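A.B. asks: Residue-level listing of the chains:
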Amino acid sequence: MSETGIRDVFLAEAREILESLESDIVQLEESGGNQDIINRIFRYIHTLKGSSGIAGINRVYEFTHRLENLLDDVRAGKLSVDDRIIDLILKSIDWVQNELYCETLDIEKSDEKKGALLLQIDEFMGTGKADQVKQPASELKLPQKIIYHGSNYYNVRAVFKQDIFEFGIDPLMIIEDLAASGDVVSRKVLKSRLPKFSDLDPEKCYIGWEFVIKTDKPMSKIRDVFLFVMDDNEITIEDVTQNYSEPADDPDIEIYEGKKLGEIMVEKKIISEKDLESVINLQDSKNEKLGDIIIKKGLASEKDVNEALKDQEKIKKKLEFSTIRVDTNKLDNLMNLLGEIVIGQSALSGIAEEMDDESAFLLKNALYALDRTTREFQEQIMGIRMIPVGPTFEQFRRFVRDSAHNVQKEIRLVIEGGDTELDKTVIERINDPLKHMIRNSIDHGIEIPEERIKAGKDPAGTVILRAYHQEGNVFIEVADDGKGVSLARVREKGIKQGLVRPEEDIGKDKLLSLLFLPGFSTASAIGDLSGRGVGMDVVKTNIEELRGTVQLKSEEGNGTVVKIKLPLTLAIIDGMLVSSGKNIYIVPLLSVVESIQPKKEDVRTVEGKGEVILVRGEYVSLIRLYDLFGIEAKQTDPSQALVVIVESANTRVGLMVDDLIGQQQIVIKSLENYITRSRAVSGAAILGDGKVALIIDIHGLISELE
Amino acid sequence: MILLDEDVGIKQIKGLYELLKIELDEPGELVIDFSNVRRIDLSVAQLIIAAGRESAANDKPVKLKSIPDDVKYQLHLCGLKL
Chain L
56 MSETGIRDVF LAEAREILES LESDIVQLEE SGGNQDIINR IFRYIHTLKG SSGIAGINRV
116 YEFTHRLENL LDDVRAGKLS VDDRIIDLIL KSIDWVQNEL YCETLDIEKS DEKKGALLLQ
176 IDEFMGTGKA DQVKQPASEL KLPQKIIYHG SNYYNVRAVF KQDIFEFGID PLMIIEDLAA
236 SGDVVSRKVL KSRLPKFSDL DPEKCYIGWE FVIKTDKPMS KIRDVFLFVM DDNEITIEDV
296 TQNYSEPADD PDIEIYEGKK LGEIMVEKKI ISEKDLESVI NLQDSKNEKL GDIIIKKGLA
356 SEKDVNEALK DQEKIKKKLE FSTIRVDTNK LDNLMNLLGE IVIGQSALSG IAEEMDDESA
416 FLLKNALYAL DRTTREFQEQ IMGIRMIPVG PTFEQFRRFV RDSAHNVQKE IRLVIEGGDT
476 ELDKTVIERI NDPLKHMIRN SIDHGIEIPE ERIKAGKDPA GTVILRAYHQ EGNVFIEVAD
536 DGKGVSLARV REKGIKQGLV RPEEDIGKDK LLSLLFLPGF STASAIGDLS GRGVGMDVVK
596 TNIEELRGTV QLKSEEGNGT VVKIKLPLTL AIIDGMLVSS GKNIYIVPLL SVVESIQPKK
656 EDVRTVEGKG EVILVRGEYV SLIRLYDLFG IEAKQTDPSQ ALVVIVESAN TRVGLMVDDL
716 IGQQQIVIKS LENYITRSRA VSGAAILGDG KVALIIDIHG LISELE
Chain P
15 MILLDEDVGI KQIKGLYELL KIELDEPGEL VIDFSNVRRI DLSVAQLIIA AGRESAANDK
75 PVKLKSIPDD VKYQLHLCGL KL
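Chains L and P supply the protein sequences, listed in that same order.
Residues in the first sequence are numbered consecutively from 56, following the numbering used here.
Residues in the second sequence are numbered consecutively from 15, following the numbering used here.
Wrong hints could be hidden among the right ones.
List time: in silico DSBU-like cross-link candidates among lysine-lysine, alpha-carbon distance up to 35 angstroms [claimed, not checked]:
id, chain 1, residue 1, chain 2, residue 2
1, P, LYS28, L, LYS251
2, L, LYS216, P, LYS95
3, P, LYS35, L, LYS246
4, L, LYS269, P, LYS79
5, L, LYS358, L, LYS315
6, P, LYS25, L, LYS251
7, P, LYS79, L, LYS246
8, P, LYS95, L, LYS272
9, L, LYS251, P, LYS95
10, L, LYS512, P, LYS86
11, P, LYS86, L, LYS246
12, P, LYS79, L, LYS216
13, L, LYS276, P, LYS95
14, P, LYS77, L, LYS133
15, L, LYS243, P, LYS86
16, P, LYS86, L, LYS169
17, L, LYS243, P, LYS95
18, L, LYS269, P, LYS86
19, P, LYS86, L, LYS146
20, P, LYS28, L, LYS169
21, P, LYS79, L, LYS259
22, L, LYS216, P, LYS25
To be clear, the hints were calculated from the coordinates, so they are not data collected in a lab.
No experiment lies behind these values; they were computed from the predicted model shown.
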């Protein structure tokens, strides 16, 4: 891997680590010093240190080295977890983040900050170490390592290529990392390549290692230590657990990954299921290894058991290799290519339709089979793009903590449904809207502790970030147990801004929807966080751009819930193809309620509402698609045309079209702003015959009409 | 005596090698002072090992002085008995 490659991999890895770190540090504060979290934070800092060194980012390496020492003292109980130390660690993380990702980094300022932070670290360490008895210089004191009680044994052989130093890599740093990832059972330093002093080229690497490490980590984690050097150097990692006779704490540990030994032996028909059951019962009572019992009972030979164990190892290795990092652009390209295949497929279907012999039948059959495969292919790619929302939610722990401190409030962030999966692109784009909503909860929702006590509430408020799947969509809620929205104030503000007539009887939902209008805010004072009249309209716009909707529910005195509904993916929709004139349009199937041919007498014009049709006793606005797009239609009489009733955010409209063509999965191609500024169009799709069809954005269309 | 820098490593290794060459040719004990050193890299560790072998072959004592604990651990990982 080139130096730039190493740096890029490190920067991607560091971003994830820093995000996890922030969340863990805030949780550490909330937990009052949970040892597991401390250990995790230490390991993150240790990885940042090691990897930054390997990537040649020495400023970060040196800084994190000092930070690691501080964490080491925290881990050892020499320093206690309090506000000051949490602040210091968070600020240190900020410094690292800035150093790594700020494009306009001011080195002088950064150095100043670093100096101040290191001074604070030294102060803490000084206090922490004051009582320590100094060790005699002669005594070799090895740095304290993380204690592992693992039962995996790995034989690691690492021989580095001689010019490795030229790539800015220090193998010793890697070996230090390896040694820190478990207990070193044995270590052999391979010095045979080291020449005589006089023949030595000091810029070449001659030393290699062979280690046996005992650890609770899976092999993939040990492999990660060698992430940057795996390709070009002789690195072998072998699971040698079975060579070490130490019994596992739990008989299940030997089979925690992949298939169980007994399962493999049954599959290979070495033993029967009944035999396996009896052996398992014996194992429970005797606490012996399964393989040993099988041999003792004469159910299989030692050779058979060993072969099954080898198979088990192979499966384990396969599992360890089953995750890789993939550039998301590659996934996007894959999706686009698949879109092209779908287009080609539609073109072939069109040709098959026009053929009129046995070949057409055969071609159609082949295309049906291909369609099934491409659909599955599509689902698989979409599955790869799906990632859990948890890490995005976790980032807000720090934000809530700092923001709450700024406004002297006590606020707890509760995360629910973090494992709910959503398309990566959608996740990336909900970050800002979520931040706006959390800001509102902190600034205007949650009351100060005194007010909360007066209202009979817990002095600490709660903000809940919740995600869940429902009906093919993902819902994300930001809920708080604050004072809720004052409807009287919304109404008052609405009247002031001319949005509500003083005598108008307006419902609660309509009143709350005013909060999503640009420049509408009920905040009496402009806070640091929000209350500037921007925010909820931006949230709404951003969510709608994602083909989602946002709803606000509030109970005065009890809190507010903002509910966002999002599609699982932005890449594909199920669409209904409709025609108007010579053009074809796509209506998202999720928005379609029904299709009707209205009677002449059901079409009317109502003052203030324009043209409407009566559908099941309810008047629905009629939109003539040909009028909307300024084209010529075949049918201009609604009673001769078809009307597709669509719905968005509880509002229904009827789209008048010439004909319905059919349903199809559509791979969306985005339209740049310069092609259309209409909110009624969300994108386009290429049809089988190569024609472009516009995709109608029902939500945008209704908003535009309103 | 050779006094090593705070972050002695690959960038200074050629200079250190030349310095050691001269010192190893000089009579008497060779002292390498680690008191300023915070950490070393593998190039330094293997140079120290090679220099140690050379001096042992020539019956010239080498003394490593004031090695910080972290550096001791690094040398230990490289198989140096301290």
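A.B. asks: Now look at each hint and say whether the structure bears it out.
C.D. replies: Hint by hint, here is what the structure shows:
For a cut-off of 35 angstroms, the pair hint linking LYS28(P) to LYS251(L) stands: about 16 angstroms separates their Cα positions. Taking the CA atoms of LYS216(L) and LYS95(P), the gap is about 25 angstroms. The hint holds against a cut of 35 angstroms. A distance of roughly 20 angstroms separates the Cα atoms of LYS35(P) and LYS246(L); the hinted pair therefore holds under the 35 angstroms criterion. The hinted pair formed by LYS269(L) and LYS79(P) meets the criterion: a straight-line CA distance of about 33 angstroms does not exceed 35 angstroms.
Taking the CA atoms of LYS358(L) and LYS315(L), the gap is about 17 angstroms. The hint holds against a cut of 35 angstroms. For the suggested pair LYS25(P) and LYS251(L), the alpha carbons sit about 21 angstroms apart, so the restraint of at most 35 angstroms is met. For the hint pairing LYS79(P) with LYS246(L), the CA-to-CA distance comes to about 24 angstroms; that is within 35 angstroms, so the pair holds. Proximity of LYS95(P) to LYS272(L) is assessed by CA-CA distance (about 29 angstroms); at most 35 angstroms being required, the pair is judged to hold.
Between LYS251(L) and LYS95(P) the alpha-carbon distance is near 19 angstroms, which keeps this suggested pair within the 35 angstroms criterion. Note on LYS512(L) and LYS86(P): the hinted pairing is violated, with a Cα-Cα distance of about 57 angstroms set against a maximum of 35 angstroms. Distance hint between LYS86(P) and LYS246(L) is fulfilled; the C-alpha atoms sit about 18 angstroms from each other, no more than 35 angstroms. Annotation: proposed proximity of LYS79(P) to LYS216(L) holds, straight-line Cα distance about 31 angstroms (limit 35 angstroms).
Between the alpha carbons of LYS276(L) and LYS95(P) the distance comes to roughly 30 angstroms, so the proposed pair stays at or under 35 angstroms and holds. Annotation: proposed proximity of LYS77(P) to LYS133(L) holds, straight-line Cα distance about 34 angstroms (limit 35 angstroms). Proximity of LYS243(L) to LYS86(P) is assessed by CA-CA distance (about 17 angstroms); at most 35 angstroms being required, the pair is judged to hold. Annotation: proposed proximity of LYS86(P) to LYS169(L) holds, straight-line Cα distance about 27 angstroms (limit 35 angstroms).
Restraint check for LYS243(L) and LYS95(P): satisfied, since their Cα atoms lie roughly 13 angstroms apart, inside the 35 angstroms limit. Between LYS269(L) and LYS86(P), the direct Cα distance comes to roughly 22 angstroms. Compliance with the 35 angstroms bound is thereby established for this hinted pair. At roughly 31 angstroms between alpha-carbon atoms, LYS86(P) and LYS146(L) fall within 35 angstroms of each other, so this suggested pair holds. Restraint check for LYS28(P) and LYS169(L): the C-alpha separation of about 31 angstroms stays at or below 35 angstroms, so the hint holds.
Of the pairs offered as hints, the one joining LYS79(P) and LYS259(L) holds, with about 26 angstroms between alpha carbons and a cut-off of 35 angstroms not exceeded. Among the hinted pairs, LYS216(L) with LYS25(P) is consistent with the structure: their alpha-carbon atoms are about 18 angstroms apart, no more than 35 angstroms.
In the structure shown, a violation is registered for the earlier hint numbered 10 alone.
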